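J.: Protein chains in written order, with the UniProt record's numbering: chain A, 1 to 278; chain B, 1 to 331.
Hints are computed from structural coordinates only; laboratory data are not their basis. Some hints here could point you the wrong way.
[Stated by the list, open to error] Stretches of chain A that chain B covers, calculated by requiring three or more beta carbons in the stretch to come under 8 Å of a beta carbon on chain B:
1. 59–72
2. 90–96
[Said to hold, decoys possible] Anything over 10 Å on all C-beta distances counts as not near chain B; from chain A, calculated:
3. A191
4. L195
5. E220
None of these values were measured; they are calculated from a predicted model. All C-beta atoms in this analysis are idealised placements derived from N, C-alpha and C, irrespective of residue type, glycine included.
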Amino acid sequence: MSVETTTRAKVRWGLLDVIVVVFALIPVLWIASLSFKTPATLTDGKFWPREWTLDNYRTIFSTDQFVRALVNSIGIALIATLIAVVLGAMAAYAISRLDFPGKRLLVGVSLLIAMFPQVSLVSPLFEIERQLGLFDTWPGLILPYITFALPLAIYTLSAFFKQIPWDLEKAAKMDGATQGQAFRRVIAPLAAPGLFTTAILVFIFCWNDFLFAITLTSTERARTVPVALSFFTGESQFEDPTGAICAAAVVITIPIILFVLFFQRRIVSGLTSGAVKG
Amino acid sequence: MSVNATPAGAQVSAEAERPTGRHATVPAQRATRRAKSPLSGNKKAERRLGWLLCAPAALVMVLVTAYPIIYSVWLSLQRFDLRFPDQREFIGLENYVTVLTNEFWWTAFGVTMLITVVTVAVELALGMGLALIMHRTLVGRGIVRTAALIPYGIVTVVAAFSWRYAWTPGTGYLANLFSDGAPLTERASSLAIIMLAEIWKTTPFMALLLMAGLALVPEDLLKAASTDGATAWQRFTKVMLPVMKPAILVALLFRTLDAFRVFDNIFVLTAGGNETSSVSMLAYNNLIRGLNLGIGSTMSVLIFLTVAIIAFVFVKLFGTAAPGSDDSERR
Numbered sequence: 001m002s003v004e005t006t007t008r009a010k011v012r013w014g015l016l017d018v019i020v021v022v023f024a025l026i027p028v029l030w031i032a033s034l035s036f037k038t039p040a041t042l043t044d045g046k047f048w049p050r051e052w053t054l055d056n057y058r059t060i061f062s063t064d065q066f067v068r069a070l071v072n073s074i075g076i077a078l079i080a081t082l083i084a085v086v087l088g089a090m091a092a093y094a095i096s097r098l099d100f101p102g103k104r105l106l107v108g109v110s111l112l113i114a115m116f117p118q119v120s121l122v123s124p125l126f127e128i129e130r131q132l133g134l135f136d137t138w139p140g141l142i143l144p145y146i147t148f149a150l151p152l153a154i155y156t157l158s159a160f161f162k163q164i165p166w167d168l169e170k171a172a173k174m175d176g177a178t179q180g181q182a183f184r185r186v187i188a189p190l191a192a193p194g195l196f197t198t199a200i201l202v203f204i205f206c207w208n209d210f211l212f213a214i215t216l217t218s219t220e221r222a223r224t225v226p227v228a229l230s231f232f233t234g235e236s237q238f239e240d241p242t243g244a245i246c247a248a249a250v251v252i253t254i255p256i257i258l259f260v261l262f263f264q265r266r267i268v269s270g271l272t273s274g275a276v277k278g
Numbered sequence: 001m002s003v004n005a006t007p008a009g010a011q012v013s014a015e016a017e018r019p020t021g022r023h024a025t026v027p028a029q030r031a032t033r034r035a036k037s038p039l040s041g042n043k044k045a046e047r048r049l050g051w052l053l054c055a056p057a058a059l060v061m062v063l064v065t066a067y068p069i070i071y072s073v074w075l076s077l078q079r080f081d082l083r084f085p086d087q088r089e090f091i092g093l094e095n096y097v098t099v100l101t102n103e104f105w106w107t108a109f110g111v112t113m114l115i116t117v118v119t120v121a122v123e124l125a126l127g128m129g130l131a132l133i134m135h136r137t138l139v140g141r142g143i144v145r146t147a148a149l150i151p152y153g154i155v156t157v158v159a160a161f162s163w164r165y166a167w168t169p170g171t172g173y174l175a176n177l178f179s180d181g182a183p184l185t186e187r188a189s190s191l192a193i194i195m196l197a198e199i200w201k202t203t204p205f206m207a208l209l210l211m212a213g214l215a216l217v218p219e220d221l222l223k224a225a226s227t228d229g230a231t232a233w234q235r236f237t238k239v240m241l242p243v244m245k246p247a248i249l250v251a252l253l254f255r256t257l258d259a260f261r262v263f264d265n266i267f268v269l270t271a272g273g274n275e276t277s278s279v280s281m282l283a284y285n286n287l288i289r290g291l292n293l294g295i296g297s298t299m300s301v302l303i304f305l306t307v308a309i310i311a312f313v314f315v316k317l318f319g320t321a322a323p324g325s326d327d328s329e330r331r
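The task is simple: from the sequences and hints, build the whole structure.
T.: Structure representation (structure tokens):
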């Protein structure tokens with residue numbers, strides 16, 4: 001490395017680090033701070049709360065509106081993630097291990113979908129789902145989520161699968177393991193980290209979506225939290241919804257923070273491995 | 001790593017064998033195939049397995065995108081307002097004339113283009129800096145990477161609310177930064193805040209893609225350049241940038257197309273007020289608020305075409321460096 005490891009260099013890098021960390025964290029801290037403010041101090045314009053309260057959290061968890069949305073968000077994101085990872089793993093296995101015509105076509109198609117403007121699907125999907133009775137249901141959201149998560153899943157997983165030393169499987173079988181044992185004891189443990197990382201990335205994608213959730217739902221039946229948040233605003237006219245919105249926002253940020261804290265390395269490797277490959 | 005598992009190898013052999021046709025399975029070839037792949041006894045079985053494994057994913061992707069897009073073209077050729085369903089009829093390209101001569105459409109188009117160009121340019125610069133920091137930093141590398149992932153992971157709507165309240169007079173810590181007015185009620189400042197929110201959210205993603213490129217820069221080369229007296233700037237422009245070019249182009253393409261879809265931030269920050277609608281916002285308003293499927297679909301098709309043109313220009317301009325053309329040989 002050309003950078004000399006002197007104290008001055010360390011301080012310079014440290015300073016840059018601090019700037020990055022502060023810049024990344026301020027909006028998150030701000031919304032958390034707002035969620036702990038009492039209604040009286042909400043509009044004091046201070047960054048930190050002067051009086052702390054948990055009332056905003058009590059409020060949202062006592063309303064059906066938020067709890068339903070949270071259940072919808074978790075259920076829809078988990079199911080979509082599970083299906084996308086299973087389908088993606090099958091396709092990625094084929095892409096990285098098997099030889100068949102049409103492979104490049106599949107890679108090309110998933111690339112096109114990754115670049116696809118999702119808003120273009122909003123009008124036709126709205127009409128198609130209305131006709132099929134999928135509008136405002138869980139499957140109605142799960143389907144587009146799987147579709148747009150698949151390119152991500154396929155790219156990340158094939159990058160992971162290509163790094164697995166598949167010869168170990170052969171070696172295990174030579175040592176007397178059955179096909180099933182070779183898969184369970186050798187290949188599955190090697191593939192698990194890749195599957196797990198992909199699942200996190202896909203979950204974050206589904207958890208984040210706003211466009212499909214707001215166009216393909218109309219009631220609490222399938223409305224997810226990001227959409228419910230934007231509706232908090234209009235509904236409680238007599239009460240300022242800011243505190244409630246912030247509390248709900250903090251609740252749906254918690255899983256993201258946990259993922260990032262515990263799996264930072266995995267997320268970075270997953271995103272970059274998929275990226276270098278294209 | 002076994003030889004047959006490398007992407008390039010698999011890809012090349014697939015290419016080489018395609019011309020021989022589906023039926024031509026030379027015994028010798030079959031033998032090598034058997035030796036190479038422990039799963040399939042012969043090529044046919046391998047092909048069938050490959051198709052079988054890919055079919056579900058391919059089917060879902062095509063059913064949920066290709067069919068609706070075609071349907072959307074069909075809808076765009078009709079007068080179809082859900083409030084007046086009995087007036088539905090085929091009107092050819094009339095919707096396109098309506099949209100393309102509408103000043104709201106062009107305003108939204110301009111706003112979208114402006115946001116796309118400005119945010120992507122700023123993100124490229126900041127992202128490069130962040131990538132260098134994440135790649136090279138001597139202290140607290142883990143902390144920086146963790147912090148940088150938070151904007152990437154956080155729900156866009158949540159971040160948008162945070163920015164909205166930050167700029168709301170009375171509530172926010174930023175509201176009185178520039179003037180006593182309400183920044184989110186004026187066009188220029190609203191657009192600036194939308195862009196700020198976008199840049200905050202997506203710079204880490206750009207940086208991660210660029211970091212992947214940085215990892216490909218050989219240390220020896222940098223050291224050699226340094227020994228030969230190259231300055232830091234020269235090392236950056238003459239050594240790192242050329243090696244990183246493919247990664248930069250991929251990052252640019254993906255972020256450009258992504259930025260063009262801007263919706264969540266505008267929805268929460270301004271709801272499209274004061275002429276800050278993007279094309280996505282406008283299409284949404286025509287569909288959900290206006291319930292006009294014909295016009296909404298016309299906008300959908302136009303947005304799709306615009307994105308296709310941007311992608312095409314990227315691929316044409318940068319040729320083989322673009323993704324899709326050589327996605328397996330990149331490494």
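J.: Each of the hints needs a verdict: does it hold here or not?
T.: Hints, one by one, checked against the model:
1. Given as covered by chain B, the segment 59–72 of chain A fails the check, having 0 residues with a CB less than 8 Å from a CB of that chain where 3 are the minimum.
2. With 6 residues having a Cβ less than 8 Å from any Cβ of chain B, the segment 90–96 of chain A passes the three-residue criterion, so the hint holds.
3. In this structure A191 (chain A) is separated from chain B by more than 10 Å, as the shortest Cβ-Cβ distance comes to about 13 Å.
4. The Cβ of L195 (chain A) lies farther than 10 Å from every Cβ of chain B, with a closest approach of about 15 Å, so its non-interface assignment holds.
5. At roughly 17 Å from the closest C-beta of chain B, the C-beta of E220 (chain A) stays outside 10 Å, upholding its exclusion from the interface.
Violated hints amount to a single one, hint 1; each of the other numbered hints is respected by the structure.
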